[in-house]
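Engineer: From just these sequences and the hints, can you work out the full model?
Residue numbers (our numbering), protein chains in the order written: chain A, 1264 to 1598; chain B, 1264 to 1598; chain C, 1264 to 1598; chain D, 1264 to 1598.
Honestly, the hints are just simulated from the structure, not real lab data. Among the clues, some could well be false.
The list treats identical chains as interchangeable, and a pair is accepted whether it falls inside one copy or across any two copies.
Stated by the list, open to error - The calculated DMTMM-like cross-link candidates involving lysine to aspartate or glutamate, where the alpha carbons are at most 20 Å apart (straight line), are: (1) 1489 - 1505; (2) 1518 - 1342; (3) 1489 - 1506; (4) 1445 - 1404; (5) 1407 - 1506; (6) 1489 - 1541; (7) 1489 - 1521; (8) 1518 - 1541; (9) 1445 - 1395; (10) 1280 - 1544; (11) 1518 - 1300; (12) 1489 - 1511; (13) 1518 - 1321.
A quick note: this is a predicted structure, and the numbers were derived from the prediction, not measured.
Next come the chains, spelled out residue by residue.
4 protein chains.
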Amino acid sequence: MRELRFGVIGWGYWGPKIARNLESLPHVTVAMVADLDARRLASLTASPNGLQTTTEIEAVFRSDVDGVVIATPVRTHYELARQALLHGKHVLVEKPLTANVEEAEELVALAETQGCILMVGHTFEYNPGVNELRKLVQSGDLGKIYCVEAERVNLGLYRQDINVIWDLAPHDISILLYLFGKRPETVKVQAHAHLLPSIQDVAHLDLGFADGMSAHIHVSWLHPCKIRRVTIIGDARMVVYDDTNPAEMLKIYNKGADIHVDPVVSYRFGAITIPHIDWVEPLRLECEDFVNSIRNGTEPRANGRVGLEVVRVLAAAQASLLQQEHHVSVVPISL
Amino acid sequence: MRELRFGVIGWGYWGPKIARNLESLPHVTVAMVADLDARRLASLTASPNGLQTTTEIEAVFRSDVDGVVIATPVRTHYELARQALLHGKHVLVEKPLTANVEEAEELVALAETQGCILMVGHTFEYNPGVNELRKLVQSGDLGKIYCVEAERVNLGLYRQDINVIWDLAPHDISILLYLFGKRPETVKVQAHAHLLPSIQDVAHLDLGFADGMSAHIHVSWLHPCKIRRVTIIGDARMVVYDDTNPAEMLKIYNKGADIHVDPVVSYRFGAITIPHIDWVEPLRLECEDFVNSIRNGTEPRANGRVGLEVVRVLAAAQASLLQQEHHVSVVPISL
Amino acid sequence: MRELRFGVIGWGYWGPKIARNLESLPHVTVAMVADLDARRLASLTASPNGLQTTTEIEAVFRSDVDGVVIATPVRTHYELARQALLHGKHVLVEKPLTANVEEAEELVALAETQGCILMVGHTFEYNPGVNELRKLVQSGDLGKIYCVEAERVNLGLYRQDINVIWDLAPHDISILLYLFGKRPETVKVQAHAHLLPSIQDVAHLDLGFADGMSAHIHVSWLHPCKIRRVTIIGDARMVVYDDTNPAEMLKIYNKGADIHVDPVVSYRFGAITIPHIDWVEPLRLECEDFVNSIRNGTEPRANGRVGLEVVRVLAAAQASLLQQEHHVSVVPISL
Amino acid sequence: MRELRFGVIGWGYWGPKIARNLESLPHVTVAMVADLDARRLASLTASPNGLQTTTEIEAVFRSDVDGVVIATPVRTHYELARQALLHGKHVLVEKPLTANVEEAEELVALAETQGCILMVGHTFEYNPGVNELRKLVQSGDLGKIYCVEAERVNLGLYRQDINVIWDLAPHDISILLYLFGKRPETVKVQAHAHLLPSIQDVAHLDLGFADGMSAHIHVSWLHPCKIRRVTIIGDARMVVYDDTNPAEMLKIYNKGADIHVDPVVSYRFGAITIPHIDWVEPLRLECEDFVNSIRNGTEPRANGRVGLEVVRVLAAAQASLLQQEHHVSVVPISL
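Structural biologist: Dropping the structure here:
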């Protein structure tokens, strides 16, 4: 089997993690690491296994690597991914794919023209809990889905280039798209910038779907507890996916309200089931999908078009946010 | 000490509870119980202690009772409370006070003219956990308050006369008014009617305050778990009030994010404190306040003006809901 | 249906609870309450429904009541129950039945001679969670039972007439006997008196059964948390019964270790199931069983022979405790 | 600073973990890895940084390494540590130090004669939660300590060379010795072999101390839940240390029972405090202590004498177990 060689651009939080996971796969080598900040690369020089480091990003594009991992701030994703694709490299870019819809559309088109894999780091699509949840949704066991409540809150970490919606909501939006395979029709946002001016740190997104399903996403950098939870409410069953509780990641509640004539509503209360989930590190599965897609010429699960869909929803949320700020569409309380 | 005599109108869920608590107070008698449904009164006839029952509501007003408890559907609150006040009775009415602002204003004015106590059953203002929380807020220990997240969700019980906002949000609105003593300036609602047409069963309210504080209220009849939680995020400390966890009702997190020049944001992580709360049944304290206010001619904590404030916020929420339905103020996703 | 009349002896913690539950049953009257302490009876005089109160206990035996409830300190159980039976009264006595085996044997024999019901207040035999657990054990779904771990700990309340074993362990012993229907062969105790001299406040009991099953009971008045938990470990499944968690009272773990040749042990990890339990107040079911047994001349579930079995285990535990104190059967650490 | 070179014997669970932590320290190299099973070493050959692997254990002793890590089955600890010390190597051996007291005493003496560091892998002595707990105990804030309850239970992993006491209890014994700095006087064991004949898989240890303090240790390979908890009950405060809950590792309960004349016992209920703990990987701190002790010629925290103390308690437990099997010191239930 041919050795695949990769370059990693950006040696901050995600770069080293993805590099370590790629390296753990058979016949895969991380050959280059690039970062504008030489200090970040210092720890790498000790390693004697032929790894090249550089502060000149373009060197990665000119090298002989097969694929490039882009783990840099969002605003640079488009330009770096474009360069990589133009040099014929396969690309895995951290989420969100780009900072606006047009750039995402262009990258998707370019990847197709160049015959390169374009993939986005939507890790939760590779999370075994989310995949069990998806099986459950698609089996029909939950019945008709009424609504979804997603929460992703914690203290920090503040980012100054993007607000909390662009930082945290990509996870929940990619989970929703992956679970249900349908695009919301409308997005309404209620967001507030408490700590830093004009950088929203608490936000509530309301997504409306054509079939009446609603989804609510709560993201926050200002919360005392770490909550990562998705609750799905079907007319037959309800499920809570709690990413912070490995031993009880999915809880399936066999309960619900049923409509009748008299009395109009009755209630069912049945057992709770917690399926066992065979855990594999999501980032490892993500890296495997990237490598296998390159080897087999197939589309990865979190491909560019999925990344584009997520950016569409984020852009609609951002537009709703601006609209909220410019128009008084709210109801003042009469005095 | 003079014996106080009370009549209770409505013998459903709250009527018997309030009657039992009133009866447990010294020198207090529940003398009459009225309900349109004679079957509900059947269980009471066995009691030999002179209690009168009737299906003719007006009999209560004509009787010699000092005060009347109104525990009936919301749409009847105004008319029953008005009649009671006109007959010179002190009134304790279940929450919300009325179904609209005008009626609430009229009752408040009438109570003043008649020199009667008008009180609303905002039980949470008498909850020892909420009172400990209020002390904490008012001590300044939390610092500047950024935002509040309130959740009150569970499966059921559906009501057909009012939506989930009018059913559950009065609790959270009265808690917020009681804690902070200030009125929100704006209310925005995202609500959905999933089970029954046009009766919203899931709602998110966003309250904006003049000083930049925001509050978010999530109420739902469609949720697998019983959650009754208020999270307050201050710049010095954060608190979670969990009404379903008696042993750890308040959790005070000494943590936060601070603004600096470089790095712009730093984080503090300190101890969590869980104060001991001496528990007394809130409904008992509420009944005591009603009785003491009558005896001493003082204003009860949850007086008519507080009830009016809560109705103002509910009415603004309802208006936002209608606006949401009639105008497309949301952002459609570009295709 | 003939009215049944009861007398209650002892108006402390359990007396009023049992009286209220008896009164709530159709055609049942609590006609007399007796307590040596007149102050405890004061609150009852206000009640105008013909209830008699007395500080002369014998008055209850001479009255026309059908049955007597004995809710007094353990040391008085034997004499009071004996008197009641001799007067032809049916008897419900709080647990444990008596303070030693001989007295319990005598009461069981006397009840038979007199043709009276003798019942013990083993409330947990009427707990819907315990009954669901019993169905599970008896269905064979758990497989062969290896061992049981029972915990019943909390801060307080100290008693000065009996140690923590006699106070708390009757619950767990009656649960074990009820679940498995077999008597332990041996009892070994490790207990300590920390707060008051010679009154053990922390104890661990080890019960050995003929078939190799073991059970461990941990009872304590000195613990920061309220724990009431029974864990049953079968070779097919394991269950945790947590009496303090109404929403998840039983958790059935489909997991275990299996013996093979190579590797010798393998592990199974499957789903967790939490059955829905229809809750009825155990004390109400206990009172119903007492009343029905009297009416129908049948044996109640928690009958005198069951009470005797529990006393046998308690007495063996007490003997082990004395043995532990008098003999040095422990291993000193070599210096 | 001089480079320190280490050899690791045993490449199973702990060997690679310790090696990785040693390697992460400045000026430290893992130069040799030895294991009798060549397959385990296979994954290491790829590494090009001069690491030597061997299936001949003695090669490590003859090499120029400064220290040896022994991460092999317990029965081999003594002989391997002895050889290493005789060759003048510093030694870190996994817990428990040896399989009996005599061997442990000999190793401690030999290390002294040879002027070598002898250290045992009692990781929990390096756990930041345990260290915070120790500060608490030693500050006197808990008051007089009445008793300790330690639980360490989970499903698996079964070992066939040693029972669950020798496998899991070393952790709790080393924690107790570290927290209180005193040796128990007596050890009593109640243990059962459910799955494999004569290998106890469930055990309860009762430790008695000269000053009346008692400690109870529950270890099990047969339990549905992973519990790692130590509860300390003082007359002023109580603490729960829960190793499985990083966000609330220590919970300090300001509650207790106090002795009076009348009423004899009263109860205090105050706040709960959860201190923030700055987390560092315990194994890293353990490896640092090993390296620093070698460099500075000082005694490590988990030195040989501490390891000997733990073995003393284990040996007493084992003796109590044999005594339990051979003598009938228990109380049979009378029929």
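Engineer: Next step is simple, just say for each hint if it's right about the structure.
Structural biologist: Hint check:
1. Taking CA atoms no more than 20 Å apart as the test, residue 1489 paired with residue 1505 passes in both settings, with 11 Å inside one copy and 16 Å between copies.
2. For a Cα distance limit of 20 Å, the shortest separation of residue 1518 from residue 1342 qualifies neither inside one copy, at 50 Å, nor across copies, at 38 Å.
3. Proximity of residue 1489 and residue 1506 under a CA criterion of 20 Å is satisfied in both settings, with 10 Å inside one chain copy and 18 Å between copies.
4. For the identical chains of this complex, residue 1445 and residue 1404 are intra-copy neighbours only, at 18 Å inside a copy versus 42 Å across copies, given an alpha-carbon limit of 20 Å.
5. In this homomeric assembly, residue 1407 and residue 1506 never come within 20 Å of each other (Cα to Cα): the closest approach is 24 Å inside a single copy and 31 Å across copies.
6. Taking the shortest alpha-carbon separations for residue 1489 and residue 1541, only the inter-copy value of 17 Å comes in at or below 20 Å, while the best intra-copy value is 23 Å.
7. Taking the shortest Cα distances, residue 1489 and residue 1521 sit within 20 Å of each other only across copies (18 Å), while inside one copy they are farther apart (34 Å).
8. Proximity of residue 1518 and residue 1541 under a CA criterion of 20 Å is satisfied inter-copy only: 13 Å between copies versus 26 Å inside one chain copy.
9. Proximity of residue 1445 to residue 1395 under the C-alpha cut-off of 20 Å is restricted to the intra-copy arrangement: shortest distance 18 Å within a copy versus 42 Å between copies.
10. Taking the shortest Cα distances, residue 1280 and residue 1544 sit within 20 Å of each other both inside one copy (11 Å) and across copies (18 Å).
11. Taking identical chains as interchangeable, the C-alpha atoms of residue 1518 and residue 1300 are never at most 20 Å apart, the minima being 54 Å within one chain and 31 Å between chains.
12. In this assembly of identical chains, residue 1489 and residue 1511 lie within 20 Å of each other by CA distance both inside one copy and across copies; the values are 16 Å within and 12 Å between.
13. Taking CA atoms no more than 20 Å apart as the test, residue 1518 paired with residue 1321 passes in neither setting, with 57 Å inside one copy and 42 Å between copies.
The earlier numbered hints that this structure contradicts are 2, 5, 11 and 13.
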